[in-house]
Each structure stands twice: as C-alpha cells, then as structure tokens.
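Protein chains: 4
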Amino acid sequence: MTARSVRDELAAFVAERDWGQFHTPENLAKSIAIEAGELLECFQWSPDADTDRVRGELADVLTYCILLAERIGADPDQLVLEKLAVTRAKYPADKARGRSAKYDAL
Amino acid sequence: MTARSVRDELAAFVAERDWGQFHTPENLAKSIAIEAGELLECFQWSPDADTDRVRGELADVLTYCILLAERIGADPDQLVLEKLAVTRAKYPADKARGRSAKYDAL
Amino acid sequence: MTARSVRDELAAFVAERDWGQFHTPENLAKSIAIEAGELLECFQWSPDADTDRVRGELADVLTYCILLAERIGADPDQLVLEKLAVTRAKYPADKARGRSAKYDAL
Amino acid sequence: MTARSVRDELAAFVAERDWGQFHTPENLAKSIAIEAGELLECFQWSPDADTDRVRGELADVLTYCILLAERIGADPDQLVLEKLAVTRAKYPADKARGRSAKYDAL
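Listed in order, the protein sequences are those of chains A, B, C and D.
For the working numbering, count along the first sequence from 1 and bump the result up by 1.
For the working numbering, count along the second sequence from 1 and bump the result up by 1.
For the working numbering, count along the third sequence from 1 and bump the result up by 1.
For the working numbering, count along the fourth sequence from 1 and bump the result up by 1.
Check each hint, because a few of them may be wrong.
[Said to hold, decoys possible] Cross-link-like lysine-lysine pairs, in silico, BS3-like; alpha carbons within 25 Å at most:
id, chain 1, residue 1, chain 2, residue 2
1, B, Lys103, D, Lys84
2, C, Lys96, A, Lys103
3, C, Lys91, A, Lys103
4, B, Lys84, D, Lys91
5, C, Lys84, A, Lys91
6, D, Lys103, D, Lys91
7, A, Lys84, C, Lys103
8, D, Lys103, B, Lys103
9, A, Lys103, C, Lys103
[Claimed, not checked] Using C-beta positions, here's what the derived DEER-type ranges look like:
id, chain 1, residue 1, chain 2, residue 2, range
10, C, Asp49, D, Ser47, 36 to 46 Å
11, B, Ala86, A, Gln79, 45 to 55 Å
12, A, Leu107, C, Asp53, 19 to 29 Å
[Claimed, not checked] Partial selection, computed: residues in chain D whose CB lies under 10 Å from chain C:
id, residue
13, Ser6
14, Thr25
15, Leu41
Don't read these hints as lab results, they were simulated from the structure.
Computed from a prediction, not measured in an experiment: that's the story for all the values here.
The C-beta atom is built at its ideal place from N, Cα and C for all residues, glycine as well.
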C-alpha cells in the first residue's frame, strides 16, 4: 500500500492550502498529462537524462496520481494489482516472452 | 512505501516475459506520457468520466511510474515526500491558500 | 498547403543551427507530446486561458508537427484531408450528429 | 497559409455533425494532448515506426491544432512564423549551432 503517511501528508498539504477545490478528477487527469510531458522533456533529445531531474518530475506525476486515486476512492496499489491480473491474461508468458508486440499481434 | 508485494509482483511479471530489455528510462517515460493521454481521454469531451475506465487507465500510469522508479533505483513514496518538502517551501500556506496561481505569481 | 514560405523558413532556421541531427522522427514525436503538455497547462485549473499564452504554445506544437511532416516526406494539409476522408466514413453525419460518442458506440 | 480548402472542409465536417458544441478551447487542448500520446505510441518501444501509422496519428494532432487555431481566431502559419521570430532571438545561430541545450544554458 502507498504508505498511509504519504497519503496523509499529501492530504494535509492540500488542506492547509485549501486546494481541494481545484482537484476535480478532470483537473487531476490534466495535471498528470502535464507532468508526464515534463518528465518526457528530460529525454527530449537523448535517451539519457539527469537522474535528479527525472526523480523530481516523476515525483510530480506520482503525486497527482495519488491525489486522483484518493479523489475517486481508490487505493493506488490495489489499482495496479487489479490491472496486473488483467494484463497477465492478455499477455500469457509463453506467447509474449521477449516480444513488445501488442496483445492482438501476438 | 509502495508495498514490497506490488513491486515484487511487477518485477516477476516483467521477468516472466523477458520485458526488462524494453524498459529503458526513456521508453518508460514515453509509456507514462502515452498512458497519461489515455487517462485524459476519459475526460476528452466532459468533466465526468466512467470510474472503472479511469481506474484502469490510472493503474497503467501508476504501473509505468513504479517501473521507472525501480529502474532508477528510487522509492516512489520517498520521491513524493522529498518533492513535497520542496513544494511546501515554494507555496507557503499563508500566501498560497485558496489560490491556483503559480509560485512566481503569488 | 502550409505555405512554402513557412516550411522554407523553418528549414532555414533549423539548418542555420545545425539542428537537423536532433530531429529524428522519434524525437519530434516526443517534442510534440511535450509541447502539447505545455499547451494543456494553460487550462490546468480552468476552462479559460490567456489567449496569448495559448497562441504561443499552440505555435510550438504546430512547429514540431510541420517538422515531423517534412521529416517523413508528408504534406501537413494532405495528411489532414486524407484522414478527414477516413473519419467521414467512421462518423456518418446522420448517426454522429450532435453526439460525442466514439464510432463504435454510435 | 493552411489552405482555405482544408479549413473550410474541416469546418463543414464539424458543422454537418453539430460537433462545434464540444470544441471549447480546453477540450481541443485536451484532444491535442490525447492525439500526441497516440502519435508517441508509434515509437513506444523503438525509434522506428510504421510510416502510415505515424501519418495517421500526426494527421489527428494537426486536425485538432487547426480547429483550436480557428476557435481562437488565429491563423496556424501566422502563429508559427510569429513564434519563430521569438525563438530566433532566444537561440542566436552563432551560440546555438549544433547544440540541443536550452537557451538559458547556451
């Protein structure tokens, strides 16, 4: 589970600033896309990037993901485990091993 | 902390399929942006979205975030907490309360 | 057609700086996603945005789109017209009128 | 100029389906980010991509860009040329030649 302490700290941070009003699911989804673009910018012209910069941008994406999960009443780790079960079925190890092809091209 | 079990399950899933070879930091950053776009698509024409669809897409963004964190030797929750400390300083509660303006416009 | 002058000016600009070496199709696709995120940021917390800011960010997305079209030997307007023909068939006016649903839900 | 015919055809296409109601600047910005993600997906695991697939996805990004330009009363080519003038000043050829560094690191 994403530590209760991380979720609590984030919740406190948001409440102190009365920012919950801006955190509609749609605004949070937009924010995730925006931060994902900033993370990608670390690699704009090269496959290599400054690790500290990547850490900071990845933190931003994760932060908004945790906020969105909270907003829709979901647990981040539960979401990942549930989706993993679905993906396991779509990509059986014997068929998918070593291949990056999409499931309908296996 | 993101449960050891989630990280371990993801690692096992990837290893079984020999997919680690595709998981360069750059490819993972691209994947996060791609999935962020699919999450945003839930809200393309409306501020409301089907919760199950949002859960599934959010799970995909989170999954690639956890994989990238692993790849660069970082702990997802540590990243978030570290960034929160930085953001706290940029947005003091007394100045930022109730305002969505960027820190250089407070 | 996107004016020969725009394409020529962009080409001259890139050549003067010897930047063509960075303009692989992949890097240009990453750049388009990055700039699309910056454009989206104009609307992060609100449906309204500063028009000048939107103009500038939209210009960046368009610039990289034109560069990518050039790189793959395509004409931007031709691409749009060709795709429009495909979309017309997917969304017949009588079925799609006034509805934002995807074509498989019409 | 982006051919009057392209803009007119797009406008007719939208009007026939009464889709203008969905084309707020915000929704169009979201759409551009969504399509940019689909374009990027062509390159998710490799620097090489199927050209026809790239043409189709690039067409989608361009289409929404043209629609947004129309919506805010701007001409796509004008936007690009205006921005180019700004970028020329930020990246003087003598300083920027052959370098992908950002303008504040030249």
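When the hints from earlier in the document are held up against this structure, which numbers fail? Numbers 2, 4, 5, 11 and 12 - these are the hints that the structure violates, sorted from lowest upward.
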